[in-house]
Structure formats: structure tokens, C-alpha cells
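Here is what each chain is made of, one letter per residue.
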Amino acid sequence: MGIQGMELFAIGVVIILFMAVLKQFGILEPMSSFEDNSDSDLELSTVRHQPEGLDQLQAQTKFTRKELQSLYRGFKNECPSGLVDEETFKTIYSQFFPQGDATTYAHFLFNAFDIDRNGSIRFEDFVIGLSVLLRGSVTEKLNWAFNLYDINKDGYITKEEMLAIMKSIYDMMGRYTYPCVRDEAPSEHVEKFFQKMDKNRDGVVTIEEFIETCQKDENIMNSMQLFENVI
Amino acid sequence: MAAGVAAWLPFARAAAIGWMPVANLPMPVAPTEKNKRQDELIILNVSGRRFETWRNTLDRFPDTLLGSSEKEFFYNEETKEYFFDRDPDVFRNVLNFYRTGKLHYPRYECISSYEEELAFFGIISEIIGDCCYEEFKDRKRENAERLMDDQEDNKDAKLPNMTFRETMWRAFENPHTSTMALVFYYVTGFFIAVSVITNVVETVPCGSSPNQKEVPCGVRYTVAFFCMDTACVMIFTVEYLMRLFAAPSRYRFMRSVMSIIDVVAILPYYIGLVMTDNEDVSGAFVTLRVFRVFRIFKFSRHSQGLRILGYTLKSCASELGFLLFSLTMAIIIFATVMFYAEKGSSSSKFTSIPASFWYTIVTMTTLGYGDMVPKTIAGKIFGSICSLSGVLVIALPVPVIVSNFSRIYHQNQRADKRRAQKKARLARIRISKEGSSNAFLHSKRNGLFNEALEFTSSTEEEQRLTKSTSLLESQHHHLLHCLEKTTVSNHEFVDEQYYQQSYLEAGLQNYPSRSPSLSSQDGVTGTCCTRRSKKHHTPLPNASGPAHMQPLTHAHTHQQGLQELSTIHIQPLTTSRSSLNMRVDEPASMNCQSSQITTAIISIPTPPVTTPEGDAHLPAGPIHQNVVKVSAL
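Chains E and D, in that order, give the protein sequences.
First residue of the first sequence? That's 1 in the numbering used here, and the numbers climb one at a time after it.
First residue of the second sequence? That's 1001 in the numbering used here, and the numbers climb one at a time after it.
Isolated chain D, as found in the complex (with noise of 0.2 angstroms):
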């Protein structure tokens, strides 16, 4: 029921005195209201907007958050109001809903924000008004196709595991995935573009000898257009017969259009090869030489433009036909009126109306050949009709046609440009992951450190390090750490490089136990050294690597065996101050003796070294990947 008219229902309970004196049977009991309160205001404050309204109008659906009882959550106390943390802009469409029945939906809104709000008040989006459908409609399509576009990209990720034919497939559909594709591409490419050439120049009338007329090109190098052909029609044989091998359902490749085209395009070869010289077919033979020329359109599938003409044709299918049937029309009353009206002079060309056919045609689409001309009064001024009317026909249903190319045109033009922009995205969700992550372990290690301080009483340092992380943080990293002790095994976090190397170099024999004494110094001896960072394959760690190396090499410099545990720096995430830098070294300069301290020890004396080394890197730190150990204590 409406909400307006829900205020109608006194009256019409009212109303209802009417049948009492004709019923026949006594009448059930009225629902009684119990709590009859007068009406009151509300008021509702939206992030520090008040608005006010009364509780009847809200009571109008009862259904959604405002006009139930949901909305008691949110009532404040001291204030005697409700309050909600929510965008006041959009709740003024809301409330709008409640006192007048209608959603509007504001163009300059963003649709998903509306959505989401929408949503958090219980409001479905399909009650929009009449008004604002369309656009609501259009803006969730857009934006439906824009998401649908960022997961199709994710299909683009290589799977481990994928069957010889399977590879197969995608290289046909995307070229970019490797190199063996690309290469295919463009020989293709090549051969259709020579096929096409071929057909062109072997109708060309070629230089000849004096006494005899010209003869096309192909007439006189026969054999070299017929070897050329033979290749070009090899080589598509080949490609088709590859696809369908490769395709994931035959059926489904048959039938669609680009193999269709394949198919139309070779086949005459086949067929003339079969075919005898035979005058009866030879005829038919000639006309199954112009199927090659669709050859070309096999340079769709190099060509996104053409595609995407193609798709635009496909949609403005009705536009078309409208511009078709409207011309049609046009075309049979001029023609009708231009032969009345020519008829009566003399050798008029206007012979009978479908000869009148093309005159109107050319006149409409003001071509004008002038193989066809009236002669009497009437016919030019038909003549004059016909081709400003041919104007106005032919241009109004283009501009159609042409906003829906552009329209797509641009979408296709903002997929491409999206997904450059997701990649940089995806790094950047990456890095701010690892980050995290890492956060993680670089507290894990100053928990460590903490119990290492324990023993080394050194205040300040507990001060210094203890205080970067934010409460949040801390409560997150206790999570983790919590969900480690939880797993009966001792799994640990660890860095995504550092597992997939060990995953795959499957050599990697020692996990870095944690125990939280001190002592067991035995078990950071093998780990150390079979540590790989996988960035640094340089045989020396002194070796002038990049230039974010040279920090490193400095603090190496030190002699102090120190083995240094690196963190990714990314600027405003991390809040690891210190740059304890790890650099697995070679087993040759490791200096596996010394690992027998403990990381926490070691920086101990050195903090003045390591701290400003870790301020140099902070602001300039590059990304880079280096295995983040927690070395065992």
C-alpha cells in the first residue's frame, strides 16, 4: 500500500459504518493501539544535520530501518536523538521517500555511495520513482559492466596447471600471453594482408606484348599467383584446423562468426581444386573467387576497431532497420509519383516504377548520376521534394548510430586505460599486504626483543620501538599471533616470497622454529645460510647492486657480523622504524658463527648504527623484495 494513502485509512475505516445496518452477521473486534501516543517529532541527526519529521511519517514503512524498530539502536540518550553516521546528502532522498512515497534518485549522485546507503536503510532500489528509473537504470548498468570488465581482466592470471590445449586457446585469444603467440599473430596477420594483396593485383592488367590486348596479371603469371594462393590458403588451413583443436567447445567455435569467415575463405581454393574445367561450373567457380575476398575480414581479430564496428552494427540493429524501412517507404511514393509525372513526355527513361526506383535512390541520397533526369514541370518539382525529404531521412537515424559507436568506443577506450590502472592498483594492494604483514613480524621480533630486553635493561630502546605501533595495530598483530600459537605445529607467518621460493626450491630444510628462549642457537645455523633473497643473486653481497643497496653495504661494512633483517619500506604504511636490514649473504661471507647471536642482541649495541640507516631508507626506500626471516632466539 502507498504511504499516502496509508494516512487515508482512518477515513476509510470510517467509512465502513456504511455496511453495518445491511450486514447480517455480527462484526470481529477492532484491533486496539496500545500504546496511543500523539504524534511526535523525531528528530534524526545524520553526521550533525538535523532533520526533523514526524513519527507517523516514518511509521509509513514499517518494513525499512526508520520506520521500525531498528531504528532504537541508534537513539541517543542525552540528546534524545537518533543519530546515524552516514551521508546527510543522500539522507535527504531518503526521508523525501517517507513523507512523499517517491525515491528520487539525484543525477550527480554516485550510484554505488546511493546504493550502499540505500541499503543501510533498508530502502530497495526498485521502489524508485517512475522519474528517476531510467537514469538510476543506466548509471547500475554502467557500472555493473565496469566491474564486470576489472574480472575479466583477472582471468588473464596464468593457472599452475593448464593443459597443452588449453594453453593453446589462450594464446589464440590473447596474444599478448606469450611470445610463441605474438608471433603466430603477426604471420597471420601478413599472410591475410598477402592474400588479400594477391587478389587485388591479379586483376591488374599487366604490361603486354604489342600484339596482343592487355591481360590481367593473373592471366599471365599464373603459376606464381597459384603458388601464392596455395600458401596463403595453407597456412589459413592450418591456423583453422589449430583453433579447432584448441577450442573448448567445437561445437560453439563452429558456429561462430570468425569461423565461419575462416571457413568462406579458403573454401573456394578447395573447391577449384576439386572442380574440373568443366564450362557449366566454371561460371559458378568465377563467382566462388569473390568469396575470397572475405578474407579480410579476418583482420578482425587483429583489429579491436573493427570489432568493435561490428558490435556497434549488432547493436543499433533496430536503428538500421528503422533507417531501412523508412527509406524503403520513401523510396516506393517517390518513385510512384515520379513516373505519374514523367509519364507523359516523351522518351522519358521513367519506363515503370521499379525503373523509377533508382532515380530515387540516387536523388535521396543526393548523389545525383544524372543518368536520369524528369523532364516535365511536376517531375523536377517531385524531383526537388525527393531529394530534400532524402536528406532528412538519411540523417536522422545516423546521429543514433553514431553515439551508440562512440559510447562504445569509449567504454573500450576506459577498459584498457583501467586495467594499466588496476595493475598499478594491484601492486599497490600488494605492497600495502606485505606491509601488514610484515608490520606483523617486525613486532613479533620486537616482542622479542622486549623479552631480550629483559635482560639487558635498556629502557629507552623498549620505549622507542614499543611506541610505534598504534593501538590497532598492536591488537591486529595479537590476533595473528594468537592464531599462530593456535595451530598445533607452530606455523608461522611469513613472508609470500620467501614461501614461495621454499615451496618450489623444495631444498629448504629448517623452518625458523621459534621458541622464546634464548638459547637453541644450533637451529639458526643451517637456516642463515640456505636463506636466498630472492632479489639478490649477485655472487658478492659487496657487489655494486642497485643503488638501495649501498646503505646496506655501508652497514655490512661494519664488521660486526651482523645479520641485519630487512623490511619492506613503504613510506606512510610501515611504521617499522628501524631498518634492520637483512642481506643473505653467500654461505662464503656469511658469517655463520656469528648467527649465533640473536638478532635482538645484536642491534642492541648498535641502534645509532641502524636507525639512521633505516631514516635513509625510509624516505628514499624503493620497493624491493627480500626475505623477511625471524631468526630463531
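Excised from the complex, chain E in its bound form (with noise of 0.2 angstroms):
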């Protein structure tokens, strides 16, 4: 029985190299050719995306023509195929807190630009977000604020949006800070935001309590004007 096992075993043997050998000389490929037909053509078409003219992006944000012109040159530059995903933007943002995790922040942030929510900016949405951020109105401003606050995007924020947020803001500071950041500063600071942010005290914050209560804040209203003068 052992010689007939080890005979059979050595059959199979070279079955397998008289196949490997036939692989080499292409006798055999027809059988493996459709899977990577389908590969080679996937990887051919790079997705690439022209923006809009010039002048329909300067009707669109408030930017002036040089300006544009200095922020899609930094923006190509980066990102060449002119369209930024969501990896590669966080990989950006988070070189800016090389200390903490900005990826969860950087997510959130990422669906704020991203207007119309298909995975990637554009170089259009990019711009006018920043237009709003940079010469908007406060009131503009604060829209955006709230849209950002605003995860699902259903007009109301709740406490759990909010904590998700205080979350992903209290990570991006990292661990070694001073005094150390405790496991309930997010809750807390939650807590506080509520307090004053909702009105009705329906647990949730709608986008009129939320500018509303802004408006009065004076600390708020002046740190909408600090970046007037980024670009």
C-alpha cells in the first residue's frame, strides 16, 4: 500500500510541474485570462476631474482671480488628479497635529466640504467652502458651523452628535497636555454647550437657538473674525 501511495504521490507530482510548465508557455492561460482582463482595465481609467472655469468659480465664491489662481495652484499641487479623498485629506490635516488624532475630526470636517457627499472634494467645493469661512457673513459662518456640528444632517443637533465632535476636538490635543485631559471633559464641555446653546431645552439644538445664542456671545462673534486675513 505505501509503494502505491508514494506512486500515486509522485504522479501528482509531476502532473502539477507538466501543468506549471505549460502555465509558462502560455498553453494554459486562456482559463486564468478573464480575471485579469477585468483588472488591467480597472486600473487604466484614473479617475481625474477638471474644475470649472475660472470665471464661473469667481461668480461662484468671493475670492478674486489671482486668489483662485494662488489656491488651485497649491491645491493641484497637491493633489494632482484634482480631486481629494478622504484618506489623503486626513492624511493632510493630521500633519498639522502631529501630537493628537485628528482623523476623526478630519472626517467630520470632510463631510462638511463635501457638499454633494460623493467621497471626494472637488476642487470647486473646496473653494467655496473656504469662501464662506474666509469672506462670508457671520451669519454665513455660523451656518457652516452648524453644518458641521450637524453630522446626519437633519437640521438638529443632538447631544450625541455634539459629543462625537468634543470627542474627535479633545483627540486632535493628543495625551501630553497640561493639566492632563480627563475621560469626562468632552461630556462636561457637552454638558456646558447645552446648557447654554439650548433654549427649550428639548435636547436638541436647531440651527435658529444655535445663531441665535451665538449672536449674543461676544467671545464668539469676535473669534468669527480671526481668520479674515488667512489668504
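Quick caveat, the hints were computed from the structure, so don't treat them as lab data.
What you are looking at is a predicted structure, and each value in this text was computed from that prediction instead of being measured.
Any given hint might turn out to be false.
[Stated by the list, open to error] Okay, derived cross-link-like pairs now, DSSO-like style, lysine-lysine, Cα gap no bigger than 27 angstroms in a straight line:
#	chain 1	residue 1	chain 2	residue 2
1	D	K1444	D	K1433
2	D	K1485	D	K1433
3	E	K23	D	K1380
4	D	K1102	E	K90
5	D	K1102	E	K76
6	E	K196	E	K159
7	E	K90	E	K167
8	E	K216	E	K196
9	E	K196	E	K153
10	D	K1071	E	K66
11	D	K1102	D	K1071
12	E	K216	E	K167
13	D	K1349	D	K1375
14	E	K153	E	K199
15	D	K1080	E	K66
From the two separate chains plus the hints, produce the assembled complex.
Okay, here's the thing in C-alpha cells:
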């Protein structure tokens, strides 16, 4: 029995080797060719996007022509394909906050910029968002901030949403802070926020409550003007 | 922060508005940009090739030359561009670094020129991107090795005061330093060869008398071989002890491989002397005799190729290890398979798996002795697969080892070539240095000459002799002149050879003391007579010396009692036109009387004579050393 077993095994090995040789010569190729073709097709077409013309962008945003040119140069340098996907966005944003973990907040930011929710930011989205942030009125800026906090974009900020945002902000700080960030700090912060913003105590903050409260707070109003001269 | 990311900073700052409504405390004031200007194009003119880029691009790396205000030093007001007198090809890479954030190293560029450019523009070379970093590091390592080799050769220079021990050690390490060392080297080599041949011949069966069976020569001529062995071992012992004595660090020497080999080579003899004909230990003694063959490793001191081989094997240790490991794996696999395949057949030699190891090794290395062969079909199939894979497994790591060996070997060859080149280079450097110092002395003489000329108005001469030096040279000479004047006791620059001579001779009384006045002729008397030209030890000045002396003799026979000043004639470097050669003659032929006449003045009446002579010298002049003296005026 042993002999026969070994012989069978030997014959099996020989057949395998034979097939390997045939594959080398291309005779066995047709069987595996289908998968290869489809793979190669996908790789050929890399996604690329060209932005709208300069004039349209000028009409849509409040930037001058030169500013748009400068912005596009920086944008294209980093993302030659014209699109920023979420991973790249997270990488870039994380480089500004080396000590902490900025990926969660970057995710929220990405969703705030990606207006049409297609998973990538085009130059138009980028520039429109920046236009609001830098040249928009205070109301527009507050609207934008509300949009950022409202994760599911239903018009209401719930406590859970706020908690997620707060945690992501505290995550950006990292561990090495003085004094140390306590674990309860985000929840406390959320509580304070809701106390301030939620006027009718219904557990959610609407856009009107938000804007009203912010307009009354002097600190917030001042800080909104902070980044006027960034570009 | 990476360059490109800096472009996103405005975006990140703008996005910070998202924190504002949540913040508890007021925000700090934002920094303002004072002269906020629109992004403008900058023109960088590098040796004529114009590169243009945005100012922002350059500002990405503020700690480099182009990114900081340092570039303002290179700003050209008229053309409104920054001009750099550097290599434009390398600058291309530098500028691309600003544009893309990645520094690339092109293969065709010389590593040292590239590093110089990087250093100039303030970019550290560690920033080189991953794609080019390997290449860069390899080239840098090669270059460093090259420089290290050059430095090592400097050690050959003989230090003036070496103890006997140090001399001996140097003699051992570099046999070329002295004849004694060379003799010793060859003698030891000879005795190593003799010893090895003795060991070999000892076992050859010598012819014997018919009634006895063949005996090896060692048994037949025991005494002769014993004497030979003793002599060799004595020489080796003496050599080892001398090396031990001379070694700078005895502990380190004793741990070195060569010394261990030495010890292992001579120890069996002494153990054999000590041991008696005890039956038990004689078996061990025979084993010890095997170690005598290690004497052949002593040849590695004599052969560089052997050393390279050993070094290669050491540096390829990982490849060898891999080879061994993969072979072992394959052997075990195939031995197991063969054993089970052949188990059924009767009278099979494959009695166990370890027994199959032998078959597997012999087959994989394609030796195929044939003492063990498979008989079943399965065994034959697996046997053939075994031999095919054996070729592969062994052939794969071997080229790595070979290439390593080749690299190290060529490096060594290059080292030898460079040593030879270096000697020539040093000679050239020395000559050029002397040339410049002689040019200085020459011009000093011309300076005196000029002063002398005030007394004899021969303006043509003045023109002819002063226009020969360039502005740079004249400034350099002026500098040396000032240095001379600064030192209190009025030292002068003199020729190196001259200095060595005078230092060694210690019999030299008078230095040429310079005094601007034309008087003080007394001092000259002593100086000229005691000077000795290093080269011209020949007693007669008119002796038939080397060919280049002929023009001198020719001039000398002018019988004008000329003292001629000699300069080293290096054709392209020196600018001394006149070859006023001084040959220091023996006191016998020295016209010390005429030495009262100063050199400068002497030469005045005879420039037509000397200058053609000088011109004859210049093209043909071999480099010969003469004492250069500025005679006192």
C-alpha cells in the first residue's frame, strides 16, 4: 500500500509540474485570462477631474482671480488628479496636529466640505467652503459651523452628535497636555454647550437657537473674525 | 512640516472656525503679515540659465539659502534677478526640491560635487527622497572608502622618532619599508612552504626494501623529518615571539586571527615533545598533527588575494548562511521523501533518513557517486526532482558571493593604482608649492633688483622683469613680504631643501640677512662658500654631471665670476623668466672675491647671456633641486 501511495503521490507531483510548464508556455492561459482583463481595465482609467472655469468660480465665490489662481496652484500641487479623497484629506490634516489624533475631526470636516456627498472633494467644493469661511458673513459662517456639528444633516444637533464632535476635538490635543485631559472633559463640555445653546431644553439644538445664542456671545463673535486675513 | 502641506495651512486655519462656537475661552490674536504681497515670480539666474519660480515656492523651506533672506546677498539690482555662480544642472535638482518637496539624486552626478551644491544652498542631504537615497548612500560610502584609503597611505610616512619596537612592528606589517623586513618576509614565507611540503611528503610511501611493505617516508627518514620540523617550528616560534614583543597592544594581538593561527600551527610540536609514547594519548597526538596543516594559513600574511577571499567570506556571511539554511531544508525534505519512496524495495541502501542524507547531498550538488541509487519508480521521480532543484538552490546565492568578491577585489586593485597615482600627485603638489615659494623669492630678488636699478637706469630691464608677475601673484608676494617684516628677527622664507640641509648640517653659520642697502658685502663671503647644493655633490663644478647641467657649465665658463641664482623650473607654473642659476661651487673654485658684487648687479651686464639660457632651461628643464638663496645685498 505504501508503495502505491507514494507512486500516486509522485505521479501527482509530476502532473502539477507539467501544468506549471504549460502555463509558462501560454497554453494554459485562457482559463485565467478573464480575471486579468477586467483588472487591467480598471487600472487604466484613473479618475481625474477638471474644475469649472475661472469665471464661474469667481462668480460663485468671493475670491479674486489671483487668489483663485494661487489656491488652485496649491491644490493641484498636492492632488494632481484634482480630487481629494478622504484618506488623503485625513493625512494632510493630521500633519498639522502631530501630537494628537486628528482623523476623526478630519472625517467630520471632510463631510462638511463634501457638499454633494460623493466621497471626494473637488476644487469647487474646496473653494466654496473656503469662501464661506474666509469671506462670508457671520451668519454664513455660523451656518457652516452648524452644518459641521450636525453629522447626519437633519437640522438638529443632538447630544450624541455633539459628544462625538467634542471627543474628536479633544483627541486632537493628544495625551501630553497640561493639565491632563480627563475622560469626563468632553461630556462636561457638551453639557455646558447645551446649557448655553438649548433654550427650550428639548435636548436638541436647532439652527435658530444656535445662531441666536452665538450672536449674543461676544467671544464667539470676535473669534469669527479671526481668520479674515488668511489668504 | 512638508512643503506641500504648508500650502494647506490657510485651509486648516480657516477650518478652525469650526471650533469657535464650542470654545469657552477667548481666542488669541492672530499674527498679521506685515508686508503682505501678492505672490510674485522670482528669476534665479544660475550661471546664465534662468529659472523662474514663485516666491511662495521658495518660502516653503525657510532654513535654506533660497528660502531665507540670505538670497538677498545675490540679488542683482540692474537685472532684477538673483545670480548664482554655480552649476545649473545640479541646481535643477535643488529647485525641484522646493517645488515637489522631494530631493532627488541623479545617477550621473558626481557625489562630491552634488554634496557641495547642497551645502551651498543649505539643504541637508538626509532629506533625499527614498527613491534616490539608496544610491546616494552607496556612492557616499564608496567615496568615503576612497578617501580613507588615501589617508591610510599617509601613515607610510616615516616618523622621525620611532622606538625600536615601533619600527619592528612597522616592519612586520609593511615588509616594503626596509630591506631587513623584506628579507624576513621572504624567509618566513620560504619556511612556511618548506614546512607544508614536509608535512605532505611525510605521508608519501617511499620505496622500501622488498621484504617490507611500503612505508611512508616519514617513518623511513624519521630523523630528517624531525629535524626539518624542529627547524621550522623554531623559526615560527621566534617570529611569533618577536611579533608579540613588537605589537602595540599585546592583548589585541593575541586575540587576532593570525596570531591564533600561528599558535595553532606550532603547538602540536611542543605537545608532541612533552608527551611520551603513551598509548592512550598517542591517538590524540595523531589528531593534533592534523593541525600542522594550519601552517598553510600563515600564507595569508603574504598573499593579498587570500586576505581578500577571507574578507569576502566574512562579508557574505548572511548569504552563506542563507545558502546553508536552504540547503539543509531541501536535504531534509528530499531525504525523507526518498526514504519513504525506497522503503518498499528490497536490498535498498536507504536504510534510514540520515542514511538518505548522503544520497541527497550527492545528488543535489550533481556529484552523483552512484553508491546509492533509487530503484523504485517513485524513488527515481523524486530523485530527478531532487537533482534539478539542487542546481537551483546552489546556483542562487553564489552570484551574490561572487559579486561581493569582485567588488572587494576591484577595490583593492583600485587602491593599489591610486597609491601609485598618489605618489605622482604628491610630487606635483610639492613641486608647485616650491614653485610658488620660489616665485616669491624670485620676485623679492626682482624687488631688490628694482631698487638696484635705481642706481643704474635701465628701464627696459625693469619692464621686462616686472611685467612677468600677475596681479594675484604680486599681491601674494606682498603678503609674504609683510609676514617676513612682521617677524621680529627678520626671518626669511627659504627653500625647503635648504632648510633641511641647514638643520641637519648645523654647521651653517650665516643666514642670508637681508638688508636693503647695497653695502654690507662682508656677510656674503661666508654664505656663498658654505652653501651646498643638495644635488651637486660632485666635486668639480664643471664635471660632466647630468645633461641639464650643461647650460650651467656653459654659463659658468663665461669667467665672469657670476653667481647664478637657480630657480626650480616648472614650466607652466613658474613665471620666472630669467634663469639665473646659482650653482654652489666648492670653495676651491668659488670666486668669493667676486661675491662682493651683488647678484642683482652682476646680472645686469649679462642679461643677453642669461635669458636665452633661461629660455633654454624652461622648455627642457627637468626638475632639479637647487638651493635657492637670496644673497645679501
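Right, here's what the structure says about each hint:
Taking the CA atoms of K1444/D and K1433/D, the gap is near 17 angstroms; set against the 27 angstroms cutoff, the hint holds. Annotation: proposed proximity of K1485/D to K1433/D holds, straight-line Cα distance about 21 angstroms (limit 27 angstroms). Between K23/E and K1380/D the CA atoms are separated by roughly 25 angstroms; this keeps the pair inside 27 angstroms, and the hint holds. This hinted pair checks out: K1102/D and K90/E have alpha carbons roughly 21 angstroms apart, not beyond 27 angstroms.
For the proposed pair K1102/D and K76/E, the alpha carbon gap of about 16 angstroms is at most 27 angstroms, so the pair holds. With a C-alpha separation of about 13 angstroms, the suggested pair K196/E and K159/E falls inside the 27 angstroms cut-off, and the hint holds. Between K90/E and K167/E, the direct Cα distance comes to roughly 17 angstroms. Compliance with the 27 angstroms bound is thereby established for this hinted pair. For the proposed pair K216/E and K196/E, the alpha carbon gap of about 11 angstroms is at most 27 angstroms, so the pair holds.
Only pairs whose Cα atoms come within 27 angstroms are accepted, and K196/E paired with K153/E is accepted, the gap being roughly 21 angstroms. Between K1071/D and K66/E the CA atoms are separated by roughly 26 angstroms; this keeps the pair inside 27 angstroms, and the hint holds. At roughly 21 angstroms between alpha-carbon atoms, K1102/D and K1071/D fall within 27 angstroms of each other, so this suggested pair holds. For the given pair, K216/E sits about 26 angstroms from K167/E by alpha-carbon distance, which is consistent with the 27 angstroms threshold.
Straight-line distance between C-alpha atoms of K1349/D and K1375/D comes to about 10 angstroms, which keeps the hinted pair within the 27 angstroms bound. A threshold of 27 angstroms between alpha carbons decides the hint, and for K153/E with K199/E the separation of about 20 angstroms falls inside it, so the pair holds. A distance of roughly 23 angstroms separates the Cα atoms of K1080/D and K66/E; the hinted pair therefore holds under the 27 angstroms criterion.
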